[in-house]
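Just so you know, the sequences run in chain order A and B. Following UniProt numbering, the numbering of the first sequence begins with 1 at its first residue and continues without gaps. Following UniProt numbering, the numbering of the second sequence begins with 1 at its first residue and continues without gaps.
Some clues are possibly wrong.
If several chains are the same, the list does not tell them apart, and a pair holds so long as it fits within one copy or across any two.
[Stated by the list, open to error] Subject to a maximum C-alpha distance of 25 Å in a straight line, what follows is the list of computed DMTMM-like cross-link-like pairs (lysine to aspartate or glutamate): (1) 52 x 169; (2) 100 x 60; (3) 130 x 29; (4) 100 x 72; (5) 100 x 82; (6) 160 x 29; (7) 130 x 45; (8) 55 x 29; (9) 130 x 24; (10) 151 x 13; (11) 160 x 44.
Because the hints were derived from the structure by calculation, they are not lab data.
Protein chains: 2
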Amino acid sequence: MARLGDCIAMMDEGIGRVSQVIPDMPAAEARLTRLLLMVGHTFDEAVEQALKPSKINHSDFLTLMILYSRPDGSSTPGELCEYTSQGATNMTRIANALVKRGLITRGASEEDRRRVVIRITPAGRRFVQKLLPPLFPRVSAAFVGFSDTDKRSFSRLLRKLADNLDRLDEVPSPKDAP
Amino acid sequence: MARLGDCIAMMDEGIGRVSQVIPDMPAAEARLTRLLLMVGHTFDEAVEQALKPSKINHSDFLTLMILYSRPDGSSTPGELCEYTSQGATNMTRIANALVKRGLITRGASEEDRRRVVIRITPAGRRFVQKLLPPLFPRVSAAFVGFSDTDKRSFSRLLRKLADNLDRLDEVPSPKDAP
DNA sequence: CTACTTTACTTCACTGGTGAAATATGAGCT
DNA sequence: AGCTCATATTTCACCAGTGAAGTAAAGTAG
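Start from the sequences, fold in the hints, and give me the full structure.
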């Protein structure tokens, strides 16, 4: 219920105080990290909120959107796991839910019978097409006051961050040697 | 398991295809939103991962950090809820967990006996001081390649976004009139 | 001082997400 | 073929977070 601005203000002060006690803390980076996490979390909430009227949650929606955006409208649980950053366990639940609502179908693959093929149905497509437009005003509103340059900068910095995070996992594992 | 860069690439393509079917979609803003959510989520995971060796989760840690950063080392569940964006329900669980580990104490307020006063213990302070330093290299690593200007831009843009999100909630409620 | 409202927190029941083990198919080796 | 190892998905048991209702103490009005 507290406004995000207030949370940020208190975080700024908090980090300021902590970095006096622990001077070798990378305070600027810690601030940016907390900022990103807070804003990201609030965005998440906003999305969840916006989807609530349609009785669908964020991960179900994301899964459906990936299928919708595919030229052939189909995928497999494994692939969907990769792109939604969900575990296989949860993808089973998501698929169950979407099948129950008739938005996707689930069938056995013919080349590889371990696989399951998931496909968006016409009803699923209609659902997405009805769902999206009401979301647009809020998406735009989140970025009011962003110049084109701002948008480009933001995109660039987030992508650079993504790149760094990918490397972060690659490097520090002297545990893969058998 | 998939690298974030790959997820981003497929998101870019997906939005490209969708925006051809639904041309009035604010594609640039949608991309930024998805980017932010993906990077935010990955950051979250990274933090959770980094805290795992200390057997503490993100929200418990955040709660403890707020107490640590306070001049008097104390707060109340209600206040902690505000600043951690947690529900009161969950704060009860968090406090239970931290009390059980001896990192905080929980006692009744004397002015207002509805209130509960939560205070970090010396053991809690020691725990934080041991926990933080190993985190620093990763925090710094996430922002390698960021110039000072980049950091300032990123901070500015995130704060602007936070501001927009705060307004987003204020405006669109013609439901508060009784 | 009693009765009503509000505030602060807790309890309970449920949803969402995860790790470990189970199941089943495929692929490679001999 | 028969054996072993890897891959794809599901099931099960558990942790984390939420909404609604419960409890207890203030605040407020008649």
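Results for each hint:
no.: 1; hint: 52 x 169; verdict: between (34 Å within a copy, 15 Å between copies)
no.: 2; hint: 100 x 60; verdict: within (12 Å within a copy, 36 Å between copies)
no.: 3; hint: 130 x 29; verdict: between (41 Å within a copy, 19 Å between copies)
no.: 4; hint: 100 x 72; verdict: within (21 Å within a copy, 53 Å between copies)
no.: 5; hint: 100 x 82; verdict: within (23 Å within a copy, 37 Å between copies)
no.: 6; hint: 160 x 29; verdict: both (14 Å within a copy, 18 Å between copies)
no.: 7; hint: 130 x 45; verdict: within (21 Å within a copy, 32 Å between copies)
no.: 8; hint: 55 x 29; verdict: between (38 Å within a copy, 24 Å between copies)
no.: 9; hint: 130 x 24; verdict: between (52 Å within a copy, 13 Å between copies)
no.: 10; hint: 151 x 13; verdict: between (28 Å within a copy, 18 Å between copies)
no.: 11; hint: 160 x 44; verdict: both (21 Å within a copy, 17 Å between copies)
When held up to the earlier numbered hints, the structure conflicts with none and fits them all.
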